[in-house]
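Can you make the complete structure from the sequences, with help from the hints?
Chain by chain, the residues run as shown.
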Amino acid sequence: MQKPVEILLVEDNPNDVELTLRALNKHKLANKVFVVKDGAEALDYLFSPERVSDGYPRVILLDLKLPKVDGLEVLSKVKSDNRTKHIPVIVLTSSQEEKDIVESYKFGVNSYIVKPVDFEKFVECVADLGFYWLILNKSTSNYERKD
Amino acid sequence: MESSDKGEVLLVEDNSSETELILRILKKSKAYNRIFTFKDGISALQYIYSRLEEENNLSSLPRVIFLDLKMPRIDGFDVLRKIKSDNRIKHIPVVILTSSHDESVLRECYLAGANSCVIKPVEYNLFVEYINKVVQYWTNWNKSPN
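Here the protein sequences come in this chain order: A and B.
The first sequence begins at 16 in our numbering and counts up by one.
The second sequence begins at 6 in our numbering and counts up by one.
These aren't lab readings, by the way, just hints derived from the structure by calculation.
Glycine residues also receive a C-beta, built at the ideal position from the N, C-alpha and C atoms.
Certain hints may be false.
[Stated by the list, open to error] Label pairs and their calculated CB-CB ranges:
#1 109/A <-> 28/B: 34 to 40 Å
#2 104/B <-> 64/A: 34 to 40 Å
#3 128/B <-> 109/A: 35 to 41 Å
#4 47/B <-> 45/A: 43 to 49 Å
#5 33/B <-> 133/A: 25 to 31 Å
#6 33/A <-> 47/B: 48 to 54 Å
#7 128/B <-> 80/A: 29 to 35 Å
#8 124/B <-> 40/A: 35 to 41 Å
#9 91/A <-> 105/B: 35 to 41 Å
#10 40/A <-> 22/B: 37 to 43 Å
#11 145/B <-> 43/A: 21 to 27 Å
#12 80/A <-> 108/B: 44 to 50 Å
#13 55/A <-> 47/B: 33 to 39 Å
#14 48/B <-> 82/A: 47 to 53 Å
[As the list claims (entries may be wrong)] Below 30 Å or equal to it, Euclidean Cα-Cα: the simulated DSSO-like pairs (lysine-lysine) are:
#15 33/B <-> 94/A
#16 148/B <-> 136/A
#17 33/B <-> 130/A
#18 11/B <-> 153/A
#19 35/B <-> 121/A
#20 11/B <-> 95/B
#21 83/A <-> 125/B
#22 136/A <-> 35/B
#23 75/B <-> 121/A
#24 41/A <-> 138/B
#25 83/A <-> 75/B
#26 75/B <-> 80/A
#27 89/B <-> 43/A
#28 89/B <-> 41/A
#29 136/A <-> 33/B
#30 100/A <-> 35/B
#31 33/B <-> 92/A
#32 148/B <-> 43/A
#33 130/A <-> 148/B
#34 138/B <-> 136/A
#35 47/A <-> 138/B
#36 148/B <-> 94/A
#37 11/B <-> 114/A
#38 95/B <-> 114/A
#39 114/A <-> 89/B
#40 138/B <-> 130/A
What follows is the structure, given as C-alpha cells:
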C-alpha cells in the first residue's frame with residue numbers, strides 16, 4: 016500500500032518548492048508531500064476517484080498566483096465541496112494585498128501566511144507551519160467516511 | 006509594517022485552572038495588547054456583538070479566538086457556528102482547544118468553519134508546550150484582514 020499523502024503542496028515556483036521541502040524536512044515531513052504545479056493539477060488530484068480509496072491529504076499548502084486555475088478558485092472549490100471541505104487549507108503566498116487576504120477568509124481559508132522574503136525566515140516559517148498543521152493541529156481521518 | 010496595537014485575543018473556557026494557565030502563556034508571549042476571557046458561550050457572543058455595534062471597524066475585533074467546546078449555556082460548537090455564519094465576523098480565526106479525541110466532533114467543527122482544532126494534552130508540560138506553540142503560530146505567522 017502506498018504511504019498516505021499528508022501535505023498537498025500547490026506551488027508553481029520550483030525554488031519555493033525546493034525550499035519548502037527542505038524546511039519541512041526539519042521535522043521529517045518532506046517525504047509525505049505531494050507537489051502539483053498549478054491549480055488545475057491540484058483540482059485533478061483532489062477530485063480524482065482515487066482519493067476515495069487512497070485518502071485525502073491532511074492539509075493543503077496553496078500558493079495564490081498559479082497558472083491555469085488560480086489559488087483562490089482552488090480554495091473556493093475545496094471549501095464548497097463536502098468531500099474536501101474539512102481539509103485545512105493554508106494559503107502560502109507572497110501577496111500582502113488586503114484584497115487577497117479578505118477574499119481568502121471569505122472563501123474559508125484556515126490560515127493565511129505571507130512568505131517571508133528572507134531565506135532563513137522562510138525556512139523557519141515553513142518548519143513551524145509543518146509542525147503546527149501536522150503535529151499540533153488535529154485533522155480528521157484522511158479517508159472519507161462511508162456512513 | 007509594525008503596529009503598536011497588537012490587537013486583542015479572546016479565550017473562551019469554563020475550566021478555571023486551564024484558563025489561568027493559558028492566560029499566563031498569553032501574557033508572557035506579549036503577543037496581544039488585550040486579552041479577554043469568558044466562561045461560557047453566551048458572554049463571549051454578547052461581547053463580540055457589542056464590539057461590532059460599538060465600532061464598525063474590523064481592526065477593533067479580536068485577532069483570534071481560542072474556544073473550548075464543552076461549556077455551560079451556549080457551548081463552543083454553537084459559538085463557532087454563529088461566528089462562521091455571520092459575514093461581518095466570519096474572518097476571525099477560531100481555534101478550537103478541546104479534550105475530545107472524537108473524530109466526528111472534530112469533523113463537524115471543520116465543516117462549521119473552525120480554522121484549527123488542537124487537542125489539549127493532559128500532561129502539564131506538554132500542555133504548556135502545545136499552547137505556547139499554538140499562540141506563537143497565530144501571532145507570528147498567520148495574517149488576518151486588517
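How the hints compare with the structure:
no.: 1; hint: 109/A <-> 28/B: 34 to 40 Å; result: holds (35 Å)
no.: 2; hint: 104/B <-> 64/A: 34 to 40 Å; result: holds (37 Å)
no.: 3; hint: 128/B <-> 109/A: 35 to 41 Å; result: holds (39 Å)
no.: 4; hint: 47/B <-> 45/A: 43 to 49 Å; result: holds (45 Å)
no.: 5; hint: 33/B <-> 133/A: 25 to 31 Å; result: holds (26 Å)
no.: 6; hint: 33/A <-> 47/B: 48 to 54 Å; result: holds (50 Å)
no.: 7; hint: 128/B <-> 80/A: 29 to 35 Å; result: violated (43 Å)
no.: 8; hint: 124/B <-> 40/A: 35 to 41 Å; result: violated (25 Å)
no.: 9; hint: 91/A <-> 105/B: 35 to 41 Å; result: violated (29 Å)
no.: 10; hint: 40/A <-> 22/B: 37 to 43 Å; result: holds (38 Å)
no.: 11; hint: 145/B <-> 43/A: 21 to 27 Å; result: holds (22 Å)
no.: 12; hint: 80/A <-> 108/B: 44 to 50 Å; result: violated (35 Å)
no.: 13; hint: 55/A <-> 47/B: 33 to 39 Å; result: violated (46 Å)
no.: 14; hint: 48/B <-> 82/A: 47 to 53 Å; result: holds (48 Å)
no.: 15; hint: 33/B <-> 94/A; result: violated (35 Å)
no.: 16; hint: 148/B <-> 136/A; result: holds (16 Å)
no.: 17; hint: 33/B <-> 130/A; result: holds (26 Å)
no.: 18; hint: 11/B <-> 153/A; result: holds (27 Å)
no.: 19; hint: 35/B <-> 121/A; result: holds (29 Å)
no.: 20; hint: 11/B <-> 95/B; result: holds (20 Å)
no.: 21; hint: 83/A <-> 125/B; result: violated (41 Å)
no.: 22; hint: 136/A <-> 35/B; result: holds (20 Å)
no.: 23; hint: 75/B <-> 121/A; result: holds (27 Å)
no.: 24; hint: 41/A <-> 138/B; result: holds (16 Å)
no.: 25; hint: 83/A <-> 75/B; result: violated (44 Å)
no.: 26; hint: 75/B <-> 80/A; result: violated (40 Å)
no.: 27; hint: 89/B <-> 43/A; result: violated (34 Å)
no.: 28; hint: 89/B <-> 41/A; result: violated (34 Å)
no.: 29; hint: 136/A <-> 33/B; result: holds (23 Å)
no.: 30; hint: 100/A <-> 35/B; result: violated (34 Å)
no.: 31; hint: 33/B <-> 92/A; result: violated (40 Å)
no.: 32; hint: 148/B <-> 43/A; result: holds (26 Å)
no.: 33; hint: 130/A <-> 148/B; result: holds (11 Å)
no.: 34; hint: 138/B <-> 136/A; result: holds (17 Å)
no.: 35; hint: 47/A <-> 138/B; result: holds (22 Å)
no.: 36; hint: 148/B <-> 94/A; result: holds (19 Å)
no.: 37; hint: 11/B <-> 114/A; result: holds (21 Å)
no.: 38; hint: 95/B <-> 114/A; result: holds (16 Å)
no.: 39; hint: 114/A <-> 89/B; result: holds (19 Å)
no.: 40; hint: 138/B <-> 130/A; result: holds (19 Å)
In this structure, the earlier hints numbered 7, 8, 9, 12, 13, 15, 21, 25, 26, 27, 28, 30 and 31 are contradicted, and the remaining ones agree with it.
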